[in-house]
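Peer 1: Model the full structure from these sequences, guided by the hints.
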Amino acid sequence: MSGEEEENAAELKIGDEFLKAKCLMNCEVSLILEHKFEQLQQVSEDPMNQVSQVFEKSLQYVKRFSRYKNPDAVRQVREILSRHQLTEFELCVLGNLCPETAEEAVAMVPSLKTKGRAHSDEAIEKMLNDLSLVKRFE
Amino acid sequence: MQLHPRFFGQNLRENLVSKLIKDVEGTISGRHGFVSAVTGIESIGKGLIRDGTPFVTFPVKYRCVVFRPFEGEVLEAVVTRVFPNKCCYSTDYFAEAGPLKIFVSNHCIPDDMEYQTGDMPNYTKSDGSVRIQKDCEVRLKIFGFSIDATEISCVGSIKERFLGLITDPGAVA
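Here the protein sequences come in this chain order: F and S.
With full-length UniProt numbering, the residue at position 62 of the first sequence is 62, and numbering never jumps.
With full-length UniProt numbering, the residue at position 68 of the second sequence is 68, and numbering never jumps.
Don't read these hints as lab results, they were simulated from the structure.
We put the beta carbon where it would ideally sit given N, CA and C, even for glycine.
Any given hint could be a false lead.
Claimed, not checked - Partial pick of chain F residues on the chain S-facing surface, computed with a CB cut under 10 Å:
hint, residue
1, F18
2, K20
3, A21
4, V29
5, K36
6, M48
7, N49
8, V51
9, N96
10, L97
11, E103
Unchecked claim - Stretch by stretch, here's where chain S covers chain F in the computed footprint (C-beta under 8 Å, at least three residues):
hint, segment
12, 56-65
13, 73-80
Unchecked claim - Calculated Cβ distances over 12 Å to all of chain F for the following chain S residues:
hint, residue
14, Q2
15, L12
16, T27
17, T39
18, G45
19, I49
20, V60
21, G98
22, P110
Peer 2: In structure tokens, the structure reads:
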């Protein structure tokens, strides 16, 4: 599936629509889907039957791969990452993968070093440190 | 959304929203990927009767969570199968990231990892320090995907640095 320009997440070529859309980290999606599931549980005895396979698999996936479980922690993570001039896409990849070093972060999100923003290694390390503090005190 | 008049009345809005959710959640959009969940209704426009039928069509604007892969994206997934490919004696495995199926060929697995048969077929590093088998969590990079009406599948790799088995949060092979 391709548009006029070839898509490439490493260069942040993901289409205008997705660049401007709100991206969610796994932990945020987990809160949304769990909330929806709880609402279903209140009106139905067998909520699993009411949801699509896509919903069920998505819920299992985001629950398993959420680095942060507590809603306050999730909010803090978004707040920390939002201070660093990242696109929504970059913010979510970092929030999902939680790299430990600047080197790892740049390997996961190469566009950090491009697009004219020149994030320094120190700035990236500080950001990652702040993230790991949230994890430690969750 | 199209609705039959039998659903009109006091619960019209509720019926419309239920139908929307039933019709749209769990489907696949060519542009947006999987529609995992409808999260809200922005607006419901005036209904128009379709000529020659009793059905009424309502334009509905809604918000939803969608999920699709991007070329070059790095994400985490669960290994679902490790099996040998009989055609060319290569060994491949399938992983899943939620509803997304990911295929990794042995060309995209580090050269120092070898396929081992047995009750729990797996890939083991030559020094024995890393073993990837069913239900392991791995971090991989997407290289190409295809979307059709029933599924989205993609090709991934664990061959690069910082990819591969996730032993604990933040650490990779």
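Peer 1: For every hint, state whether the structure bears it out.
Peer 2: A quick look at each hint next to the structure:
no., hint, in the structure
1, F18, "holds (8 Å)"
2, K20, "violated (13 Å)"
3, A21, "holds (9 Å)"
4, V29, "holds (6 Å)"
5, K36, "holds (6 Å)"
6, M48, "violated (13 Å)"
7, N49, "violated (13 Å)"
8, V51, "holds (7 Å)"
9, N96, "holds (7 Å)"
10, L97, "holds (6 Å)"
11, E103, "holds (8 Å)"
12, 56-65, "holds (count 7)"
13, 73-80, "violated (count 0)"
14, Q2, "holds (20 Å)"
15, L12, "holds (19 Å)"
16, T27, "violated (8 Å)"
17, T39, "violated (6 Å)"
18, G45, "holds (22 Å)"
19, I49, "holds (30 Å)"
20, V60, "holds (18 Å)"
21, G98, "violated (3 Å)"
22, P110, "holds (15 Å)"
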